[in-house]
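So the sequences go chain by chain: A and B. Residue 158 in numbering that gives the first Met the number 0 sits at position 159 of the first sequence, and the numbers go up by one each step. Residue 288 in numbering that gives the first Met the number 0 sits at position 289 of the second sequence, and the numbers go up by one each step.
Read the hints as simulated data drawn from the structure, not as lab findings. Ideal Cβ positions, reconstructed from N, Cα and C, are used throughout, including at glycine.
Incomplete in silico selection of chain A near chain B, CB under 10 Å:
| no. | residue |
| --- | --- |
| 1 | Thr51 |
| 2 | Gly227 |
| 3 | Lys310 |
| 4 | Gln333 |
| 5 | Glu335 |
| 6 | Phe349 |
| 7 | Gly352 |
| 8 | Glu394 |
There are 2 protein chains.
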Amino acid sequence: MAVAFSTLAGGVTAAQGFRAAGISAGIKASKALDLALIVSDRPAAAAAVFTTNRAQAAPVLVSREHLTRSSGAARAIIVNSGCANACTGDEGLAVAREMAEETARIVGCPAEQVLVASTGVIGVALPPEKIRAGLPIAFGALSAGGGGDAARAIMTTDPFPKEAAAKLPLGGKEIAIGGIAKGSGMIEPQMATMLGFVTTDASIPVPLLQRALREAVDDTFNAITVDGECSTNDCVMILANGASGAIVDEDQSTYASFVGALTAVCRELALGIVRGGEGATKLVAVNVTGAATAAEARTCAKAIANSPLVKTAIHGGDPNWGRLIAVAGRAGVQFELSRAAVTIGTIVLFEDGRPHDENAPQAAEYLKGKDLTVSVGLGAGSASSTVWTCDLSAEYVRINADYRT
Amino acid sequence: MAVAFSTLAGGVTAAQGFRAAGISAGIKASKALDLALIVSDRPAAAAAVFTTNRAQAAPVLVSREHLTRSSGAARAIIVNSGCANACTGDEGLAVAREMAEETARIVGCPAEQVLVASTGVIGVALPPEKIRAGLPIAFGALSAGGGGDAARAIMTTDPFPKEAAAKLPLGGKEIAIGGIAKGSGMIEPQMATMLGFVTTDASIPVPLLQRALREAVDDTFNAITVDGECSTNDCVMILANGASGAIVDEDQSTYASFVGALTAVCRELALGIVRGGEGATKLVAVNVTGAATAAEARTCAKAIANSPLVKTAIHGGDPNWGRLIAVAGRAGVQFELSRAAVTIGTIVLFEDGRPHDENAPQAAEYLKGKDLTVSVGLGAGSASSTVWTCDLSAEYVRINADYRT
Chain A
0 MAVAFSTLAG GVTAAQGFRA AGISAGIKAS KALDLALIVS DRPAAAAAVF
50 TTNRAQAAPV LVSREHLTRS SGAARAIIVN SGCANACTGD EGLAVAREMA
100 EETARIVGCP AEQVLVASTG VIGVALPPEK IRAGLPIAFG ALSAGGGGDA
150 ARAIMTTDPF PKEAAAKLPL GGKEIAIGGI AKGSGMIEPQ MATMLGFVTT
200 DASIPVPLLQ RALREAVDDT FNAITVDGEC STNDCVMILA NGASGAIVDE
250 DQSTYASFVG ALTAVCRELA LGIVRGGEGA TKLVAVNVTG AATAAEARTC
300 AKAIANSPLV KTAIHGGDPN WGRLIAVAGR AGVQFELSRA AVTIGTIVLF
350 EDGRPHDENA PQAAEYLKGK DLTVSVGLGA GSASSTVWTC DLSAEYVRIN
400 ADYRT
Chain B
0 MAVAFSTLAG GVTAAQGFRA AGISAGIKAS KALDLALIVS DRPAAAAAVF
50 TTNRAQAAPV LVSREHLTRS SGAARAIIVN SGCANACTGD EGLAVAREMA
100 EETARIVGCP AEQVLVASTG VIGVALPPEK IRAGLPIAFG ALSAGGGGDA
150 ARAIMTTDPF PKEAAAKLPL GGKEIAIGGI AKGSGMIEPQ MATMLGFVTT
200 DASIPVPLLQ RALREAVDDT FNAITVDGEC STNDCVMILA NGASGAIVDE
250 DQSTYASFVG ALTAVCRELA LGIVRGGEGA TKLVAVNVTG AATAAEARTC
300 AKAIANSPLV KTAIHGGDPN WGRLIAVAGR AGVQFELSRA AVTIGTIVLF
350 EDGRPHDENA PQAAEYLKGK DLTVSVGLGA GSASSTVWTC DLSAEYVRIN
400 ADYRT
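The shape of chain A in the complex, shown without the other chains (with noise of 0.2 Å):
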């Protein structure tokens, strides 16, 4: 479906009535920017897909309980970084309670219309005075042009910032999209992802915007991985304070429009999420053909994903596609040997059961670059599904084995 769109700056702030900040409130003991702050000038619409993690943060429990006892409307978004006050017991919850609230005495609307979210270690306390301290400073710098900064306070082993804005003509007016995302390491969302936040000013109800977001996550921030580990703090956010004037309603060109912008917008900071994974040097989207069912492709497609045999040739540069067979073949998913392929780009190296080591140093030479697509049929059907992924490299282990220290 060809959408009509084009991108903008501007992040999470790109929409009309969204101002946001990022501050350092020595949350990080390096006294990078720790603290965002995004604050829509109306009660928003509000929708969030949360972790699938048995093993919830207290903030992802205290915005899940505002989201029910607000039906869905919202003003604010608090988050923080360096710690995920996950694991931390009633205290923890009672200082993500108490940051919700603080945030609502401050921008001055009811404190379940504030959704709160942390990024960070897990197990240690986020301090609620360095919180309390911060967000009226969050709260002064405060802009319209705040979207990079808010981006850059929710970072954590994140190599650079993720943000990414769309515009697009919607019944006679003009809409934004934008959102700001975070993650590196412990990425592989079911459900949802790491933090995203994604502001608009399209008016659109509740239940909609739900169902839009579910359907944007699925192919965006659920095709994703860097490491198969899915934390305790995953959420993507959407507010939609209706500012344009334009109204997204279950009429098949406005929903249809808005989804496909919405679903853009996810997937560039999806695709920043793991074009900045942890010791990342490639991006590489998997591809599974011939499948017998879309879940089928799906799991294939991830398996392959998190294969770290098949990482490690990607980052070697080298077209080990036996490996790629073998991850098929141990997926759990129907796989015909002899009817199954691997091509790397466009590069043919295993057809009909059979090896084509002869084009081998072609696809050594396409490894070299940065962007790259390998492609497995099953041989067992006509469902496909694609999912991104990086390298894995010696950084990796570097970056996680002294995390902490």
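Starting from the structure of chain A, add chain B where the hints point.
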């Protein structure tokens, strides 16, 4: 169950009536040993477990077929390293068959009494002329002390050979059980393992031998992982030639003694594989308790044992217990955060939903060791499982980025 057995030297030739050899047939460019032959001086009862990978290598297909045709009788096992003979089409199948036929001709037995195994790079043709030339040399080198050479001849990236043997009194006689194994990467056997070859001079009917092998493998080879990858060639084979005159039957005491000693031999071989895992510097027993079912305990233990974030933290000596909780939460098993626990060695770091970070320095000290235990309590029941893994080092990446170059 305490079993009265004692360890023994000699590996796969520890049992009476078995000879073995390991020679260089020029399959490896390095001229290292690459062809192993194991021969019983009389037809032996034979059993095996094979990879569940749907891309099964030619030698796996041939060995399965031979076990069926011979109703579980075998005289010899021929094994090459340096080439997996997997994904090699009909030509590869013909080479695997020829390996068995040539071995049978030299040993003097029907072709179906020869089992075949290969290990090395997937998708590369195995040169039949090298096997043909090497076989008579291997046959000439057979000796009752040849287990060590055979252990070396089946190595690929293994940093050291894996041998184990045990002797035990049985029905007034004494039997020996001994074996060799190989494997370093692409290791997460599912119903089987990388290559393992076990011999015994006990007399045991084929169905009982198969049952004993499955029981022994379940908590040994099937409870290890290096990188979560199940190969196309995995197998464990056992030959029982009855040379000791001791009989194992369904009678409780002889069968239980036999399985106990067989399990001990398999465990020593399996832990050798993990200790020699690609890039490994530490052996880690992952112990999951408090699970709702034994299957969930195993699932969760495997998820932890394959987690790159857990494995890198252990490599770095970081008692980052939050990563263990995060994996338990995403493993798809019943899990109750408020009753969960993490213990590193015997040091409690998280219990009943609360961190005990005061113990982190002591845990960091413990993690400097080479032989570690980490335990996670799920707070959901009373079932448990132990899985063995190794740490993830930059050396793993180096080995696998450059495997074929």
